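There are 2 protein chains.
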Amino acid sequence: MVGGATPVFDEVIISTELMNEIISLDEKAGILTCLAGCVLQNLDEYLAERNLIFPLDLGAKGSCQIGGNVSTNAGGLRVLKYGNLHGNVLGLEAVQANGVVLDFLTCHKKDNTGYHLKHLFIGSEGTLGVVTKVAVQCKLRPKSLHVAFLGLQSFDKVLQTFYKAKQDMDEILTAFEVIDAPSMDLVTSKLELESPIGDYPFYVLIETTGSNEEHDEEKVNQFLESCLKKHHILNGTVTGEISKARGIWQLREKIPEAFKYDGYVFMYDISLPLDHYYKLVDDMREYMGDKSHRVYGFGHIGDGNIHLQISVKEFSPEMKSFIEPYIFHQTKKYNGSISAEHGMGFLKAKYLHMMKTPETINLMKNVKQMMDPNGILNPYKVLV
Amino acid sequence: MVGGATPVFDEVIISTELMNEIISLDEKAGILTCLAGCVLQNLDEYLAERNLIFPLDLGAKGSCQIGGNVSTNAGGLRVLKYGNLHGNVLGLEAVQANGVVLDFLTCHKKDNTGYHLKHLFIGSEGTLGVVTKVAVQCKLRPKSLHVAFLGLQSFDKVLQTFYKAKQDMDEILTAFEVIDAPSMDLVTSKLELESPIGDYPFYVLIETTGSNEEHDEEKVNQFLESCLKKHHILNGTVTGEISKARGIWQLREKIPEAFKYDGYVFMYDISLPLDHYYKLVDDMREYMGDKSHRVYGFGHIGDGNIHLQISVKEFSPEMKSFIEPYIFHQTKKYNGSISAEHGMGFLKAKYLHMMKTPETINLMKNVKQMMDPNGILNPYKVLV
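The listed protein sequences derive, respectively, from chains A and B. The opening position of the first sequence corresponds to residue 624 in the working numbering, with each subsequent residue numbered one higher. The opening position of the second sequence corresponds to residue 624 in the working numbering, with each subsequent residue numbered one higher.
Hints listed in this document are in silico derivations from the structure and should not be mistaken for laboratory results. Be aware that one or more of the hints could be misleading.
Identical copies carry no separate label here, and so any pair may be met within one copy or between two of them.
Dumping the calculated SDA-like pairs for lysine to any residue here, alpha-carbon to alpha-carbon at most 20 Å [what the hints assert, rightly or not]:
(1) K852 - K867
(2) K787 - G870
(3) K789 - E672
(4) K955 - Q845
(5) K762 - D898
(6) K787 - P765
(7) K789 - S767
(8) K991 - E837
(9) K877 - K902
Here the structure is a predicted model, which is why all the values come from computation and not from measurement.
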């Protein structure tokens, strides 16, 4: 409820907890159709037994539901290789505010019969309709996996290493993640994890997946040798063993968990052109001075998406008002997006005007008015 | 004009011929921004000089414009590897019917700030607005290319070969095309082209692209040896030389050109589940009997997309009425789409009800009414 106002409409509360059935899987085509309440990890485990992989992977995979993933256009860890949900969702079913069910459950890679309206429901955060079923183009599960963990001197070196990785092994590059020293320090000191390579100003986690173990290993090793020779990287380790690879991934995936040990943390999820990707972290450190405990930067370089976190002693509205206008102003200055994958929700809705032109916001309002004239779907979110 | 009715509105005629400028290219990120009138082949040649590749490739690349490609959600030859335009168009600019310009020209892989309205303009065939600028995620130009041309005994063998190709070389598979004997016979007899492997009931063209010449060659050769051993294929040739590869591609790309030598040809562009992909061609041969000259099937197996053509002595409305209800009925029976990549346009608009539920058509009409209340944008198309 905003400002104590009493809404004149009823709010719709929908639980998808029991909507957790897989409807069908075309194993040869890799097309999975399921109800919206299926948990992402369960889907991926089901697919793994059938030699397939879900194109989406998130730290929250153990609890997030596919309907929510689609409604928020979740990004995560495999966008670099498999692209986003607008490309991978073949079809969906959604219920409109008036109760009418929309059946977009086609399963074709190519289908140009009429407007592509399913996209209205991907990323609109449940404000235009409730996604109830999803059909997703899954991929063949790769036969080979390698994870490298590297130590680097500077963010410039991180970028050089990224461009080199694309040159040398573009088609097997699944993830290219960066972790800065404060983030690494936090996750290792608070969660009993250990850096396998010692301490460096920056760390990079690279995952490759492919169809030929020997070829992939050769590509990764040649790439690492070349990076060492060119002084892009200072140190590194690489593994093709699943258990060791999982251990390395923990260092990246558990960072959000470690934040609960560092006071109150303001969390931002920003897209930036790579030339300004880490500049924003430096800007925030300078701006915060001794007002913050630490400023952390980590995220998906391969997608231009950084998670920037600022820890302070405790939450205060004044601190929020001090941080937010500046971080979003700088983001806009660098042609970034103030929400890469987390959406606008309730907290960022008031900043929508920074990202969209008045004409676009006007069209958004017209679409919302057409689809949900009484504003009963996920009220107070996205558009305010 | 339909049925001689006089429209009460003015039609908007827009020429994009002079809108052919490239606005910017971020070479490292691979993001190309350009005006809508740029010709696809010119864009790809511009990118080639900078070690990049456009994610879209079509037979019509020498004349089609990128604004039209986006408006029709063009598919073409590289969807198997790079996915469709909903995944690759990062941003666009469109002009609404009321003259208002919508600026969705962001260039982020991840941007969840508000509704993803750019998708309304991808594939709606210019009926909701005119696309004037486009920002596209381009890819690194592969260093290695191989093209194989295979002869096979049956369509079952074609499918077995496709599944084997995915297993053995998923990440480098760029195109998997099928040509049936009548199509091959036409293109070789009418256009002075020659099959490099003799005559077979079916032909498959496979293209792979990757970052490592040696690895790709080994993958392709191992795959072909295995296919020969398993009797999936009867014969085959493979080349890593660009000029020879182009020669092989001519056999596939010039098929549409050869149809002008076979009377009047009814052309269909269908998506089908692979188990029924060629069944529809057999159905049509049986249904047509001696009413047709020949029934041809060729297309993009990798995308479930077949081009089915029926040649007759000359056009007659009776023949059209004889063919169309049946071919679309069979397509629907097999859970296919009556328009994979060519759109509904003027000719197929009346069949929209076969593909979309009344609820979806109703929402399409509401969207059209909201975006273009006077129906001045590309009238008589898609919705009638």
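Hints broken by the structure, by number, lowest first?
1, 2, 4, 8, 9
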